[in-house]
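Asks: Single-letter residue listing:
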Amino acid sequence: MPLHRLESLSTYYTHFRRRPPAGRRLAVCRDLSCHLAGAEAACERLRAALAERDEAVEIERVSCLGRCEQAPAAALGEQIVRSDRIEDVVRVLDGQSEPVDDRPAADWGEAKLYAGRGQHFSTLRAALDADPAELARVLEEAALRGMGGAAFATGRKWSLVAAEPANPKFVICNADESEPGTFKDREILRDLPHLVLEGMALAGWAIGAERGIVFIRHEYAPERRALERAIADARVDAALGQDVFGRGFHFDVEVFVSPGGYILGEETALLECLEDRRGEPRNKPPFPGTVGLFGQPTLINNVETFVHATGILARGAPWWRGLGEPGHAGHKFISVSGDVERPGVYLVPFGTSIGGLLERCGGMRAGRRLGAIAPGGASSNFLPPDRLDVALDFETLQQAGSMLGSGAVIFLADDHDLLEVGLNVARFFRNESCGKCVPCRVGSEKAVKLVEQAGVLSGKTLARVSELHATLARTSICGLGQVALAPLLSLAEHYPDLMRGE
Amino acid sequence: MIELSIDDRPVRVPEGTTLIDAAQRAGVQIPVLCHDPRLRPVGVCRLCVVDVGERVLAAACVRVCEPGMQVRTSTPEIESHRSTLVDLLMSDQDDPEHDARETTLGDNALLALSRQYERSGEDLPAASPRPADTSSPVIAVDHGACILCDRCIRACDEVQGNDVIGRTGKGHAARIAFDLDQPMGESTCVSCGECAAVCPTGALVDKPVSAPLRPVEQLEHVDSVCPYCGVGCAIRYHVDRAANEIVHAEGRESPGSQERLCVKGRYGWDYAQHPQRLTRPLIRRDGAYPKAALSRDVQGHHDGRRRPGGLVDYDEVMPAFREASWEEALDLVARRLSAIRDTHGSDALAGFGSAKCSNEEAYLFQKLVRAGFGTNNVDHCTRLCHASSVAALLEGIGSAAVTTTYGDVANAEAILVAGSNAAANHPVAASFFKQAHRAGATLIVADPRRGDLANHADHYCRLKPGTDVAFYNSLMQVIIEEDLVDHDYVARHTENYEALRETVARYTPEMAAKICGIEADEIRAVALAFGRAKSAIIFWGMGISQHVYGTNNARSLIALALLTGNIGKPGAGLHPLRGQNNVQGASDSGLIPMVYPDYQSVADPAVREKFERAWGRSLSPDPGLTVVEITAAAHEGRVKGMYIMGENPFLSDPNVNKVRRALANLDFLVVQDIFLTETAEFADVILPASAYVEKLGTYTNTDRRVQVGRPVLRMPGEARPDWEILCDVSTRIGYPMKYTSPEEIFAEFASLTDAYRTFTYANLGDTGRLWPNPDPEHDDGPVVLFSDGFPTPSGRATFVPVDWTAARELPDDDYPIVLNTGRLLEHWHTGSMTRRTRALDALEPEAFVSIHPDDAAELGIAEGDFVRISSRRGRVELRARISQRESRGAVFMPFHFREAAANLLTLDELDPDGKIPEFKFCAVKVEAVSGG
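Going down the list, the protein sequences come from chains A and B.
Here the first sequence is numbered in this note's numbering, starting from 1 and rising by one per residue.
Here the second sequence is numbered in this note's numbering, starting from 1 and rising by one per residue.
In short, the hints are calculated from the structure, not lab data.
One thing to keep in mind: the hints can contain errors.
[Said to hold, decoys possible] Beta-carbon label-pair distances, calculated as ranges: (1) Gly118/A <-> Gln70/B: 55 to 65 Å; (2) Pro496/A <-> Ala127/B: 28 to 38 Å; (3) Phe152/A <-> Asp7/B: 27 to 37 Å; (4) Gln70/B <-> Gly362/A: 49 to 59 Å; (5) Pro168/A <-> Lys534/B: 21 to 31 Å; (6) Asp386/A <-> Asp107/B: 52 to 62 Å; (7) Pro14/B <-> His15/A: 41 to 51 Å; (8) Ser458/A <-> Arg55/B: 22 to 32 Å; (9) Asp521/B <-> Glu275/A: 24 to 34 Å; (10) Gln70/B <-> Asp386/A: 56 to 66 Å; (11) His250/A <-> Asp766/B: 50 to 60 Å.
Glycine residues also receive a C-beta, built at the ideal position from the N, C-alpha and C atoms.
Whole structure, please, built from the sequences with the hints as guidance.
Replies: In structure tokens:
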């Protein structure tokens, strides 16, 4: 292998190191939800406190750990602790850790689908008797859309890949959710892994694939184990492997652990990573459905999409449509974080208002008043507090000037320095830019520096950042660069007075 | 075809055409920085974005045309984004007056856009400074000027296949890196310069070779051919006529080399202006007789230590000569040579021509020796490289040239590279092998030394030295056993198959494994890979030919190709990689003792009559002596006078101690060269000749491509074109020759051949033509030969079965190690050219012996230590380099270095058919020397 490949891969993926760390490594998240919870100050206090320990502890600021409901979050191996609770950190460092694998599953209501393991994969069993083309048709009838953020019509995607003549084909489950504020797939993988696998197998049947890959972020170790247990169970039950349920259909799933980086959630970056290259997004078209993994037609869906697809194929399109609020179809796992009483993952009908969601999670934390809303994770434009009426759905949020994304709602109290909040988001995208294309690599860095140096986002600085955003949005290869500066600018739009005037 | 509209112009293009190419057809230029037509498009700079009516703009370099597309290439919005992108990139650039490209070649593409869009990035915060890297002797690296367009990465990894450059880091901290982020000069970079040639900014820029670089618009350019190896890359020299100096060189488009060059071609041309150039004829002073070596190195008092430049010290040698006028020198040469001829007979004279000279010079030289001297004692260095291959090919298929070109490798399913360190010795050809392998072909490399190409191979077979026949016989045994024989081909186009089958039947993989050291299963795997391929191509080099059984080695490769029907179709064939730029042409021109031009036998009365008529002299019917035989005859006093044009047998021939005695023993030696070579120390007269870059002539590369080399520089002092000198000598010895130009010589030569008959300088054009070529006005010539039979009396090829025989001088207790000799990427033959170039000398200044780490450890040798290598014939001292390239029990020495001449050690035994000496196998002893 050429040496430059070792260099380029080992320096690209955050989870790879060329040398062992000096001591144990405490990964401290500093991204949006954790930033709101005072991650920076907590980190400084932690650094001071741990400096007195005999043992060297390497404190590394990392990008979002996907534990936004425990903000400010830190990870020591698989142990998640709050970085602002020094005594907890010390306890974990001293070896008093909590078991991470045996938390009871939540009750996911209608999404749960089956009463027990005996029923698992019964939808697949039934589908194997039916015309594979029927599966995509039902999904189209239900108008299911991708839950990973792009909201592409799932049934259409399945039928497009099914129509590709090339073989072999692949089914990939994108379990690399890494956007600040997003952690719903984590809960699904942990509690409903068999539904993810069943959805993948159904997709395999629908498109004619025999191989499935779950691409999961390395921070989700307990979830990976839950998934692997489910895979093992499914193989025992003949729901995965050679000759599924004796019907001559071969389909098996393997788990690929991401070497780290938000960009790998971009589906073509994910493919590049699977092909042992730097996970940098490809130019599109061609799309993965036509030219995907190793050049073969590849169906890529989000974790949650596979769960809902299984539900729809089990219970029918009308069931799905009936789950939504009037005028909306289906339900959605929503990650809620920020300054609310009970952050966590909620399964809510599409069409639920943002205010309704806020109520479900207990409202704002005591003594805090709502100042801003990020309804679709760090990449979504901020909305002002008077938009609690907006319904959670793709179109409604788009009309409101933001987006649902993967369904990550972050509620911000009104006492934050919003320019710092905007910069935090911009820095996240700057840090996570793969560097492949010029606008994103250079533009995100220049924009952050411009605002940092000016200390304001108004006047000339605002004009410059707006110019950069216009170019990034229209010329970047992938969504990261296209949205990198949008949330920051949305704050300037809604809160011009809080951008500290020029 | 696909129809679309670009800026309202209807365009029709083939499916798969990119928007940028379609736009170009429509006459629309789209700005771009990361794209180059020779490179795989990546769409990273985004300057070429166009509007196709989608949510985001599309990069025209990667986006493929779709039916009915309405493309806008230059709306106000698009221009504003391009302007912003230029601004972003400019904000990290140094001032133009400090830019390494703008201040030299003046072709910084980003700065051009900066001027066009009037954006300089001045009000954007600058990036943190990035380092410069001046570690490479030929390329200056400035990471600060890099825009990460990835052109260099693709040029290095995908075009040249050198796999040195990649990206390191991520996001705004990303940079290009060499290997594991080493300085370029300490990396595995082979200095081919392809990265600097494609870089659009000041990030990677050639360092000046001899004169400061200037914009090429301020210079004249001359389209010529690289003077080094047989690949014959098309090259463009940018020259300052007034100052008479080459400023810059670059590859140019050609069906063969496709704009590529290697380190020698790109940076190794300043030797012509070295201060040691000979500028006046020299005559040996009376006091310098009896003749002997003049310099300490050539006398044999070498200590292996490199003096500055590693070159001959003219103060040591020049006192033995005096300058003379051309008249005096030519008269002396003519008088002495005529006297020897008239007193001792024609066969007391001999001549060495050179494969570095043009076809015209080679033709004239052999004509001088044959018609003027009256002997066929004329040979050249092909004897030392592919004489055995030629013998086997003529015997087996009736033609000694390649049956297909190196570029045809792109059509091969399997590639066998046998006994060739192609990445070092034919670097540009090797780049095509690597590319074909990357595109899916199976690459098999069989060589005792692990050259760089082996790193790309699917099968690398490290044969024990000297066991090739056993290995290839075994491949054929498996192919026959597994019935992968192309029976139809064998039946229609070959004879003697049964004899081959009988012979190779004994070479089971188990039996061969014991001889060649490759495991039986691997032999089987290689045989299957080769045998099952729909097309398989064989390249070979000196590792096959330079042995006392070199002809047998080549016979087995020929049989392997015939057996599997792999001659006469695309992607298949036999290609002995020619070493010298004109070894094919010099042989075609008759610089061979047994044949006239175009391989017409001197022993054939009809042929002889034809040449006697053409040349107006009666000619000797006796085939002449070959190179090593001539040296032996000189040693014995049978050859008394020699004319050596452009060859340096003192360093290039085996057993130098014997060569020294032979040269000193000559009654008269005239050397025609551009420097005072080691051989010239024994000369009575030295004639200052023209360098490659100073003269006009044709050169025939390894592919049979005949190309015109054009004069770039004026000759220094009184140096003269070689053809004029030959004419003058010939006329003075009583055989008048008169030509007005090389073109006239070419016409005469071509008229006496079949292969060249149709060629003229005019129809050879800028990129030459392949021979044989019935219609050179319109056709590049045939890539694949012998699709329908062979030029043999029966029209069939012949299997010549051979048995493996052991090497002549096997290791023993006294001399326990096998010595292999050869070339380095950076140097050429006896170093007379390359050691006088700034860049190549800086890259590889010194002699060394390469040794396996375990052998080194056993002998107590560390990297850089001085060691003594001795054989039964001589000894040298030089530095050790420890390398996994060598096998255990074998060492390698390059033969370029006069202060530690590898050929002091080698064996002057000959192959009985090809008369090629054994350069690849002799027994030596290796000892650590204290006080290195």
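Asks: If a hint holds in the structure, say so; if it doesn't, say that too.
Replies: Hints, one by one, checked against the model:
1. Gly118/A <-> Gln70/B: 55 to 65 Å: holds, 58 Å
2. Pro496/A <-> Ala127/B: 28 to 38 Å: The hint (28 to 38 Å, Cβ to Cβ) holds, given that proline 496/A and alanine 127/B are roughly 30 Å apart.
3. Phe152/A <-> Asp7/B: 27 to 37 Å: holds, 31 Å
4. Gln70/B <-> Gly362/A: 49 to 59 Å: holds, 53 Å
5. Pro168/A <-> Lys534/B: 21 to 31 Å: Holds - the Cβ-Cβ distance for proline 168/A and lysine 534/B, about 24 Å, lies within 21 to 31 Å.
6. Asp386/A <-> Asp107/B: 52 to 62 Å: About 57 Å separates the Cβ atoms of aspartate 386/A and aspartate 107/B, which means 52 to 62 Å holds.
7. Pro14/B <-> His15/A: 41 to 51 Å: Check passed, 44 Å falls within 41 to 51 Å.
8. Ser458/A <-> Arg55/B: 22 to 32 Å: Since serine 458/A and arginine 55/B have Cβ atoms about 29 Å apart, the given range 22 to 32 Å holds.
9. Asp521/B <-> Glu275/A: 24 to 34 Å: holds, 30 Å
10. Gln70/B <-> Asp386/A: 56 to 66 Å: violated, 42 Å
11. His250/A <-> Asp766/B: 50 to 60 Å: holds, 58 Å
Consistency with the previously given hints fails for number 10 only.
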